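Chains as they are written, first to last, in full-length UniProt numbering: chain A, 1 to 278; chain B, 1 to 278; chain C, 1 to 484; chain D, 1 to 484.
No lab work stands behind these hints, which were simulated from the structure alone. Be a bit skeptical, because a hint or two may be false.
[Unchecked claim] Heads up, simulated DSSO-like pairs for lysine-lysine below, C-alpha to C-alpha not over 30 Å straight-line:
(1) B:261 to C:417
(2) B:222 to C:349
(3) A:113 to A:136
(4) D:360 to D:349
(5) C:436 to A:122
(6) C:140 to B:261
(7) B:11 to B:113
(8) D:436 to C:417
(9) C:68 to A:167
(10) B:255 to A:255
(11) D:108 to D:153
(12) C:144 to C:436
(13) B:11 to D:417
(14) B:255 to D:69
(15) B:261 to D:410
(16) D:68 to D:106
(17) D:140 to A:222
(18) C:436 to A:11
Because the structure is a prediction, the values reported are computed rather than measured.
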Amino acid sequence: MSFVDYADTIKDGDTAIVFLGHESMFPVKVQHGSKTQTKYGVIRHSSDLIGKRTQILYSTDISLITMMLELKPGSIVCESGTGSGSLSHAIIRTVAPTGHLYTVEFHQQRAEKAKEEFQEHKVEHLVTVKNQDVCKNGFGVSNVADAVFLDIPSPWEAIGHAKSALKIEGGRICSFSPCIEQVQRTCLAMEEHGFTEINTLEILLRVYNVRTISLQIPDLGKAAEDNSSTGFDSSNQSNQGSLYGILQQGTAQFKSGVPLKEMVGHTGYLTFATKSLF
Amino acid sequence: MSFVDYADTIKDGDTAIVFLGHESMFPVKVQHGSKTQTKYGVIRHSSDLIGKRTQILYSTDISLITMMLELKPGSIVCESGTGSGSLSHAIIRTVAPTGHLYTVEFHQQRAEKAKEEFQEHKVEHLVTVKNQDVCKNGFGVSNVADAVFLDIPSPWEAIGHAKSALKIEGGRICSFSPCIEQVQRTCLAMEEHGFTEINTLEILLRVYNVRTISLQIPDLGKAAEDNSSTGFDSSNQSNQGSLYGILQQGTAQFKSGVPLKEMVGHTGYLTFATKSLF
Amino acid sequence: MEESAKLGLRIREGDCAVLKRDEVFKAVLVLRRRKVIFEKQWFYLDNAIGHIYGTTFEVSSGGSLQPKKKMEETTTETKEAGTDNRNIVDDGKSQKLTHDDIKALKDKGIKGQEIVQQLIENSTTFRGKTEFAQDKYIKKKKKKYEAVITIVKPSTRILSTMYYAREPGKINHLRYDTLAQMLTLGNIRAGNKMIVMETCAGLVLGAIMERMGGYGSVIQMYPGGGPVRAATSCFGFPESFFNTLYEFPLSKVNSLVSGTFSSETLPSEPEYNVPVEEESNGSLDEKQTLIQETEEESSTEAVMESNETEEQETMDLAAEDTEYKESKEKGNKENIREKQRKQQERRRKLVETAALLEEKNADGLIVASRFHPTPLLLSLLEFVAPSRPFVVYCQYKEPLLECYTKLREKGGVINLKLSETWLRNYQVLPDRSHPKLMMSGGGGYILSGITVTVEKVQSDASSLEAQKNEEPASKKRKLQELNC
Amino acid sequence: MEESAKLGLRIREGDCAVLKRDEVFKAVLVLRRRKVIFEKQWFYLDNAIGHIYGTTFEVSSGGSLQPKKKMEETTTETKEAGTDNRNIVDDGKSQKLTHDDIKALKDKGIKGQEIVQQLIENSTTFRGKTEFAQDKYIKKKKKKYEAVITIVKPSTRILSTMYYAREPGKINHLRYDTLAQMLTLGNIRAGNKMIVMETCAGLVLGAIMERMGGYGSVIQMYPGGGPVRAATSCFGFPESFFNTLYEFPLSKVNSLVSGTFSSETLPSEPEYNVPVEEESNGSLDEKQTLIQETEEESSTEAVMESNETEEQETMDLAAEDTEYKESKEKGNKENIREKQRKQQERRRKLVETAALLEEKNADGLIVASRFHPTPLLLSLLEFVAPSRPFVVYCQYKEPLLECYTKLREKGGVINLKLSETWLRNYQVLPDRSHPKLMMSGGGGYILSGITVTVEKVQSDASSLEAQKNEEPASKKRKLQELNC
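With the rest of the complex left out, here is chain A (with noise of 0.2 Å):
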């Protein structure tokens, strides 16, 4: 099964996921005997999420990248580093079947890794791997690209190599670094090549664990003989239309949507622009 197209039923050689508890899931690749039924029922291969096998909170800023860099079936698109292929993986989910991915990785091994996956995920008809400087060497194509996604160390000495490799008539240009240096670099080298709507953006994924809370209710003591009008007590607090559920024994339960205790405060800033035709 190709990772571009949904199946029904696990083949051998796919590649599935197995779930077992809440945060835990790994891929497995299916041999024939095997079974991947679990306690929860069969789990079927969901191509979406190998591609985020290594770096799972990517997710979050491939997002915002596919959508502002107009990603579509039949897209050209340019991308250096491939590094593990998880964007890769997530560009030609998006441009099959018509579209194309160009990308070009400085590190021999990584492009050969990369190369080997795109085999073997049968997505190899969609992507061409190069594995060279693209701040000396460029993508190797010119005037064809829609879209150029850049992550490497020195993103400003590959934005002249990115205009050229966008079409004629423009396109849109990506460039993700993880310090405001780079950024600031980058923007500049931008501007000098006459990139237009610069934008820098940061993006974090809040997720909250949904869970059932109870919280005692105090023991603020009797009355004694006069009940004055500020009186709150818990007994008469369960008639007054409370927000929670259930309310029992001096205790108030409700869900509530937790935030995690950490989560990823920064992975990159996502720099944006256009390129116009004039």
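Got chain A sorted already, so can you dock chains B, C and D onto it with the hints?
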């Protein structure tokens, strides 16, 4: 009445805050014979609000600055620039009755305005205002301060002066800058001057409106004869221990903490550091 | 390059195009001899027709558009800058030109660029300002007096940004980055069979259709009389995209689930009192109304200098009520035979759509509506194949907490995740980089998950098991710690 | 400078001091001949006594502390840096020194600095790394092998940071910047009369006392047998601060409000079965238990090289249960006359506290507890003067929504505001500045407001009026838009 005490009743010449509606409040200088009675009742002098009158959103930063500089009654503090005096007032309130604030303002008009206000608010014994350039002339005091606060365009030029204003045995410093480039230079200068625990923070306030929201229950029609196992309709929902207090006529009503559509996205970076004995 | 693709690059009469000035967008229908008002400027689009999308135009006198030549960055004279603001006393009298003076200049047809130059020359404080302050002043004035607009081709990026800025109420305050998350979490791509339930003016539908590129199929569930596609029609999709778009009334969902659905009962039901023409799929009839409101706007303020905060004009498009009325009137004029033919066609497609849903093999479900999400999810997930993603957007967090709980109770879903995103924009300028001073307070909340097969025999036991097991040991410990 | 102030600068035996290494804190009691374990290092504090707070020490062999001289930045040899990581293949074999080799070096008493040097020399990939990667490597190894700790004086800043990092459950996950907001919103300052209800181990109480500097008074409301002040005792306040600290049992609040309160009924009531010694105000008895756990920790791992994620040791202080038991035992040993004297003293102070509350003129109310905030607020606001601030912290948002609603219904409060803060830490380094990669997901929620006088006659009408009026027109319009 002084800005550093509470009083039970409004006196002639006091500055009082009048609240009208949800987000509207303003200070009023009380004149004999005038009234500050509103339909909600009398609002008495609450001096913590007056300090915020010029930069109400700044109070989130002030809170963090006060705690991270370890300000308390008796602290000696140096500040530049005085600006609108909103932080000065907050510092004075915190270090009173035994501490002191030395505040240096470069702009002559502002320095005089601040001096007048301190007199008017009867806190002039707790503060010394100087009209000079802190980067050239420093704070005019040596080895007396427990804490130094900088809110000037080139804080890195004042780090040396800040160091010599701090007590020999050490103290805390904070620099507030809107731009990251200022922070970069300031951190370098702090390191060069031997400050430790250099730490840059940013704090943002997210305010929630508490609202009663009604969401319509969609009309999914009748399941006719057969009520299937998956059937979910609005009629039996109310029996299921729903989260919602009120559920009437196809509408679910609930309280929600709704974030404001727009919020302050940036005031400045806060860089804290410690001057150690060695 | 294909000829058709090349054609799409040029601005044509009848296109839905988007006007852009700085970060302000406005969708308009490209028509000849129609006055358009945008950002206090009025002009005609006639001259734009035939130019390539992305072209920047200048508004010249008489409201005609002229393509702007490549940025000859107007260096407004050698700047003489002050060193700091120590000597600047702002008395509100620093500008010697009055509002009337400026209006006179504009009336004479003086270009914006020249007006800015005159403002600088007549400012008593300009020379004393720092270089940074001078830059800022020039930028501000340029923005005010230079009448430059760019015409861009609509896309999900542009339309979702535009709607969020101009008409957030129409799209349930769905912020563009949240929409981006939904498209990725929903794994929207060519070849999918998607179910969509949205009340976002058709923006979410359009985003899904763009991402599917005409391959696969989309079934739009709709409340009330018919699907709303005002924003969908702005995307400028080729007609072929609409051949694989289906719609199905929400009010028939329960009967379809229970197996009692019948299309025969359809025409007599009350919700079909509205004329069928309403469901025009982005045809020109519907677009015709896009710009009707513009001419009612006062054009005089376009040249006024004022200190008021700028008000956004009401957007031209998505005037659903008006569309509705207009098409109704038209419907009355049309002959009865045509109406019957359309009703038959409609019924045929409804049966076809019901069959598509009954296959229960959709590749995903996207919900983004003003309705409570729980009943929608519990019903519509019936039509989704196992191991497929679903994504629900809600402006409020609380209904998604309930939805999460109910889905857990029902079972058949895993990987449930409730989240929101924070979006920060940056100003990146030499020595003056920082996050933008204002940011969006919230972009709404998303609940996403994946469907799984629950085998009937053990369904109850296993879903309980799943609930227990999905709270790992470490979580439980934490919870105890919290409540101790 | 006063002599007393100067004395506070020096580390003395019996002080509660805070150990600091990078951004990790741990509170300890300074005692001679007591082994302390911190960040996998063990040592004795004997040599630290007499040094000024803020001094940095190195741990030398035998666990003795030596003041570290001013940073001789160890420039580990001329660096020969690679230009990029193109040729680096990570095969996990780049370090030639084994764990045993390193252990042997440590056992020989070789200093951390030298071990780092040896690690660099024995790394096959170090020279190929970029300068940045080399720096990073050195920093990482230094942190691991250089045994450097700083002893700092406790403060709200340090204790609140420490508790949030090490024992968030003990302080209801109250993040330090949220505490900072509370102190400012509550207008805490010298001379106030504050009411505090907290179950944050006494941290919030301590923060308030620090900010009041011994001027004014604080009334601590407590649930159960007595107030918890484990964290309060760490601040090292002078004894005089405790003269103005009062406590009052929550279980007597309703009777006090209704005017039926009597101190005579007190000793026979069940909640006073616990011994009265429990409420020791940060005396040394209580502190004695602070470091008792440390010696149970394994000291062998301090010198081991391992790849495990570092686990935080349990904090030494705030071991309330143990304190409780110990003082109970001691209580049994003490003679009965002392016990009676203390009970009388306790009753006298209770009556005094009740009188303070009954004046209904407190300058503010701070609540930060594990209990539902609504009943606390509705009752305790009775004791607050008009025109004073109140601040409620809750780890969860939902209870504060209810609290907001109930307060609105009851009236007598204005300026109600529900908020949370986002805190972002930054790495600022030349060419490598960015927000830290991890951040806190949430620091809890705050509801704050100001009390007002509601005149009895018109109270109902005016509070209704207030409710209506506090939703301004613009808000109402927005709401309609949302729900359309």
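We went through each hint and held it up to the structure:
1. B:261 to C:417: holds, 24 Å
2. B:222 to C:349: holds, 21 Å
3. A:113 to A:136: Given that 30 Å is the threshold and the Cα spacing comes to 22 Å, the pair holds.
4. D:360 to D:349: holds, 18 Å
5. C:436 to A:122: violated, 44 Å
6. C:140 to B:261: With Cα atoms ~25 Å apart, residue 140 of chain C and residue 261 of chain B stay inside 30 Å; holds.
7. B:11 to B:113: holds, 24 Å
8. D:436 to C:417: Within the cut-off at roughly 24 Å; holds.
9. C:68 to A:167: Distance ~21 Å between residue 68 of chain C and residue 167 of chain A Cα, so the pair holds.
10. B:255 to A:255: holds, 13 Å
11. D:108 to D:153: With a Cα-Cα distance of about 34 Å, the restraint between residue 108 of chain D and residue 153 of chain D is violated, given a limit of 30 Å.
12. C:144 to C:436: At roughly 20 Å apart (the allowed maximum being 30 Å), residue 436 of chain C and residue 144 of chain C satisfy the hint.
13. B:11 to D:417: holds, 28 Å
14. B:255 to D:69: It is violated: about 59 Å lies between the C-alpha atoms, which goes past 30 Å.
15. B:261 to D:410: holds, 28 Å
16. D:68 to D:106: Distance ~19 Å between residue 68 of chain D and residue 106 of chain D Cα, so the pair holds.
17. D:140 to A:222: Distance of about 60 Å is beyond 30 Å: violated.
18. C:436 to A:11: Cα-Cα ~50 Å, so violated.
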